[in-house]
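So the protein lines, in turn, are chains A and B. In terms of numbering that gives the first Met the number 0, the first sequence has 44 at position 45, counting the first letter as 1, and numbering is strictly consecutive. In terms of numbering that gives the first Met the number 0, the second sequence has 20 at position 21, counting the first letter as 1, and numbering is strictly consecutive.
None of these hints come from the bench; they were simulated from the model. Just so you know, even glycine gets a beta-carbon here, dropped at the ideal spot from N, CA and C. Hints are supplied without guarantee of correctness; some may be wrong.
Claimed, not checked - Selected chain B positions facing chain A (in silico; Cβ < 8 Å):
| hint | residue |
| --- | --- |
| 1 | Arg1 |
| 2 | Thr4 |
| 3 | Phe40 |
| 4 | Ser195 |
| 5 | Glu199 |
| 6 | Glu200 |
| 7 | Ile203 |
| 8 | Met204 |
| 9 | Tyr206 |
| 10 | Ile207 |
| 11 | Ala209 |
| 12 | Thr210 |
| 13 | Phe213 |
What the hints assert, rightly or not - Pulled a few chain B residues facing chain A out of the computed Cβ check, cut under 10 Å:
| hint | residue |
| --- | --- |
| 14 | Ile2 |
| 15 | Ser3 |
| 16 | Tyr7 |
| 17 | Gln11 |
| 18 | Arg14 |
| 19 | Asn19 |
| 20 | Lys20 |
| 21 | Phe101 |
| 22 | Lys102 |
| 23 | Gly208 |
| 24 | Asp211 |
| 25 | Val214 |
What the hints assert, rightly or not - Dumping the calculated DSS-like pairs for lysine-lysine here, alpha-carbon to alpha-carbon at most 27 Å:
| hint | chain 1 | residue 1 | chain 2 | residue 2 |
| --- | --- | --- | --- | --- |
| 26 | A | Lys87 | B | Lys198 |
| 27 | B | Lys20 | A | Lys106 |
| 28 | A | Lys60 | B | Lys198 |
| 29 | A | Lys129 | A | Lys106 |
| 30 | B | Lys20 | A | Lys146 |
| 31 | A | Lys41 | A | Lys225 |
Single-letter residue listing:
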Amino acid sequence: MAEKRKKKSTAVDKEIITLTNVCKAYSTGAPALKDVNLRINKGEFVFIVGDSGSGKSTLIKLLLRELTITSGYINVMGYDLAKIRHRKIPKFRRNLGIVFQDFRLLKDRNVYDNVAFAQRIIQKSNKEIKKNVPSILAIVGLAGKYKAKPRQLSGGEQQRVALARALVNQPAILLADEPTGNLDPKNSWEIMKLLEQINENGTTVIVVTHNREIVNAMQKRVVTLKKGVIVSDEEKGGYIDED
Amino acid sequence: MRISTFFYTLRQGFRNLFRNKWFTLASIATISACLFLFGLFYAIVTNFQHIVKTAEEGVSVTVFFDEGLEEIKIQQIGDQINKRPEVSAIHFVSAEEAWDTFKAEYLGEYADGFTENPLEDSANYEIYLNDVSMQPALVTYLESLDGVRLVNRSDIAATTLTGVNALIAYVSVGIIAILFAVSVFLISNTVTIGISVRKEEINIMKYIGATDFFVRSPFVIEGMLIGLIGAAIPMGIIYMLYNVVLEYVTNRFSMLSSLLSFLTVEEIFNVLIPISLGIGVGIGFLGSIVTVRKHLRV
Ligand SMILES: Nc1ncnc2c1ncn2[C@@H]1O[C@H](COP(=O)(O)OP(=O)(O)OP(=O)(O)O)[C@@H](O)[C@H]1O
Ligand SMILES: [Mg+2]
Chain A
0 MAEKRKKKST AVDKEIITLT NVCKAYSTGA PALKDVNLRI NKGEFVFIVG DSGSGKSTLI
60 KLLLRELTIT SGYINVMGYD LAKIRHRKIP KFRRNLGIVF QDFRLLKDRN VYDNVAFAQR
120 IIQKSNKEIK KNVPSILAIV GLAGKYKAKP RQLSGGEQQR VALARALVNQ PAILLADEPT
180 GNLDPKNSWE IMKLLEQINE NGTTVIVVTH NREIVNAMQK RVVTLKKGVI VSDEEKGGYI
240 DED
Chain B
0 MRISTFFYTL RQGFRNLFRN KWFTLASIAT ISACLFLFGL FYAIVTNFQH IVKTAEEGVS
60 VTVFFDEGLE EIKIQQIGDQ INKRPEVSAI HFVSAEEAWD TFKAEYLGEY ADGFTENPLE
120 DSANYEIYLN DVSMQPALVT YLESLDGVRL VNRSDIAATT LTGVNALIAY VSVGIIAILF
180 AVSVFLISNT VTIGISVRKE EINIMKYIGA TDFFVRSPFV IEGMLIGLIG AAIPMGIIYM
240 LYNVVLEYVT NRFSMLSSLL SFLTVEEIFN VLIPISLGIG VGIGFLGSIV TVRKHLRV
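Could you put together the complete structure from these sequences and hints?
What follows is the structure, given as C-alpha cells:
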C-alpha cells in the first residue's frame, strides 16, 4: 500500500512529486483515478504498472498538467497543478521530459532538427544548440545518424531520438508512457538501460510499462494501479500478476 | 526574444507558406485581386480628382461691363465681387490685354492690319472660384449688379464631375470592403488548415514547454507574409501597366489630352505603396491572429 512505503528523510530525497487523495473523473464513465496518494523523491526510478485501462496514462497526463485533477492535491516541482496559471504552464513543463509509445517525432525533419526543436522551443541560442544536440545524440547512441529522417530509422532508433529530444533540455523529471510498447525485446532492453543510465545521472524517471520481464529484472520501485487505485507500491518490486 | 528565436520563427512562417501551397496561393491571389482593384480604383479616383481639380481651377466666370462705364465704377464692382466667400481670385483684364491675347491666339501675324482695338468694350473681370458648386449663385448675383452687361460662365459642367467622382468613390469603397472581408476569411481558412495539419507538432511543442507566443507566431507571420506578397504582386502589375495605359489614353483621345492632366506613376505610388502594403499586412495579421486565438488556445 502507498502509505506503507517509508519515506526516507535525507537531503537528497527531496520530494518533487506529491499526490494527495487525487481523483480524476472523465466526463463519461467511472473515475479513472480514485484517491491516489503518491510521493516521489528527486532521483527516484519508478515503474507504473497495471492492466489496460487502470489509469496509468491518466496519471502521467495529470503529472504534466495536460489534465487537471477532479479533487485532491497535486504538486510537481513545487507547482500546485490544480491552481497553476495558464501562462505558467510552459515554464512548468520545461522541468519535464516526455516520451511516448509512438515516438511522436516530426516526420519532415531529420534527427538533428528533431532534437534541436526542443531547444528552439525553450529559446536556446544557436551556439548552445550546436553544442547540446550532438552531445545528447552521442549519449543515446545516434551520433552517426543525425541526418536521417525518422522513416529511415528503426523503431528503437526512433525512440532514442525521442529520448534525446526529451533529455536535451535537461529535465528534472522524465516521464515515459510505455516507451517500449512498440519495440522488440532487444530494443526494449536498450531503451530501459538508457533510462536507467539517465536516472543514475540524477534525473527522476517515471516509466509506465507492460513489460513484466523488464520490471522484474530491474528491481526498481513499482507502483501498481488497478481500476484507478494504487494497490501496491514497493521498493525493488516486481510485476504483480492478475489473479 | 532572442535573435536566433526570431529568425527561427520567421523560417517557420515561411515553411508554413509552402506546406499548404494551394491555400497559400488562393489567399495570395485573393489579396492580390483585392489590392489590384484597390490600386486601380485609387489610380482612377486620384487621377479623376486631379483632373477635376485642374478643371475647377480653370473654371472661371467672366464679367463684362456696360459700354463706357467709368473706371471708378469698375473698381467698385471688383471690390464687391472680391468680398464673396466663394471667390478665390479675381483678375482684371483691360481691353488692350484682351486684344493682345486674342491677337496672339487667333491672328498671329495677320493682326498688323488693325490700327484700332476692335475689342474696345471687352475689358472684364476673370473670377475664379474655390467651390464650383457655387457657380450658379455667383452668376445670379453678378447679373443683378449695376453696370454689368454680360456674365459668361465656362462650359465645363464641373458639378457633374464632382458628382461622378463621389459615386466612383462610394462604389469602389463598397467593392473593396467586400473583397477585404473575403481576404480575411481566406487567410483565416489557410491558417486553420495549417494549424490542423500541424496539430501533432503543436502538441509536441506544448509538451516541451513552448509559450503561446512561440506556438502562435509562425502562423501570424505566415498570414502577414501572405498579405505582403499579396500586396507586392498587384503593385508590381499596376506599376508596369500604369504608363502603358496612360500612353494609350493620351494617344487615343489626343484631342482631350490638353484637358486631361494625369498624375505620374511616382505621384500615385508615393501614397499607394504604403497604403497597399499596410492593408495587405494588416489583413494578413488580422486574419491569422483571430484564427490563432480561436484555435491555438494552448
Ligand atoms: N479522454 C477520455 N475520456 C473518457 N474516458 C477516458 C479518457 N481517457 C481515458 N479514459 C478512461 O479512463 C480510464 C483509464 O485510462 P488510461 O488511459 O489512463 O488507462 P491506461 O492505464 O493508460 O491503459 P493502457 O495500458 O491501455 O494505456 C479508462 O477506463 C479509459 O477508458
Ligand atoms: Mg496508457
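Now the hints, each set against the structure:
1. Arg1: 5 Å, holds
2. Thr4: Holds. Min distance 5 Å.
3. Phe40: 42 Å, violated
4. Ser195: 16 Å, violated
5. Glu199: Holds, because the Cβ-Cβ distance from Glu199 (chain B) to chain A comes to roughly 7 Å (cut-off 8 Å).
6. Glu200: 6 Å, holds
7. Ile203: 6 Å, holds
8. Met204: 6 Å, holds
9. Tyr206: 5 Å, holds
10. Ile207: Hint holds; Ile207 (chain B) Cβ to chain A Cβ min 5 Å, cut 8 Å.
11. Ala209: This interface hint holds because 4 Å falls under the 8 Å limit.
12. Thr210: Because about 5 Å separates Thr210 (chain B) from the closest Cβ in chain A, which is inside the 8 Å limit, the hint holds.
13. Phe213: Because about 6 Å separates Phe213 (chain B) from the closest Cβ in chain A, which is inside the 8 Å limit, the hint holds.
14. Ile2: This hint holds: Ile2 (chain B) lies near chain A, its Cβ roughly 9 Å from the closest one there, short of 10 Å.
15. Ser3: Nearest chain A Cβ about 5 Å off; hint holds.
16. Tyr7: Holds, because the Cβ-Cβ distance from Tyr7 (chain B) to chain A comes to roughly 5 Å (cut-off 10 Å).
17. Gln11: 9 Å, holds
18. Arg14: 9 Å, holds
19. Asn19: 13 Å, violated
20. Lys20: 14 Å, violated
21. Phe101: At about 81 Å, which exceeds the 10 Å cut-off, the nearest Cβ of chain A leaves the hint on Phe101 (chain B) violated.
22. Lys102: 82 Å, violated
23. Gly208: 4 Å, holds
24. Asp211: 7 Å, holds
25. Val214: 9 Å, holds
26. A:Lys87 <-> B:Lys198: Holds, at roughly 22 Å.
27. B:Lys20 <-> A:Lys106: It holds: about 18 Å lies between the C-alpha atoms, which stays within 27 Å.
28. A:Lys60 <-> B:Lys198: With a Cα-Cα distance of about 18 Å, the restraint between Lys60 (chain A) and Lys198 (chain B) holds, given a limit of 27 Å.
29. A:Lys129 <-> A:Lys106: Cα-Cα ~21 Å, so holds.
30. B:Lys20 <-> A:Lys146: Holds - the C-alpha atoms of Lys146 (chain A) and Lys20 (chain B) are around 26 Å apart, at most 27 Å.
31. A:Lys41 <-> A:Lys225: 25 Å, holds
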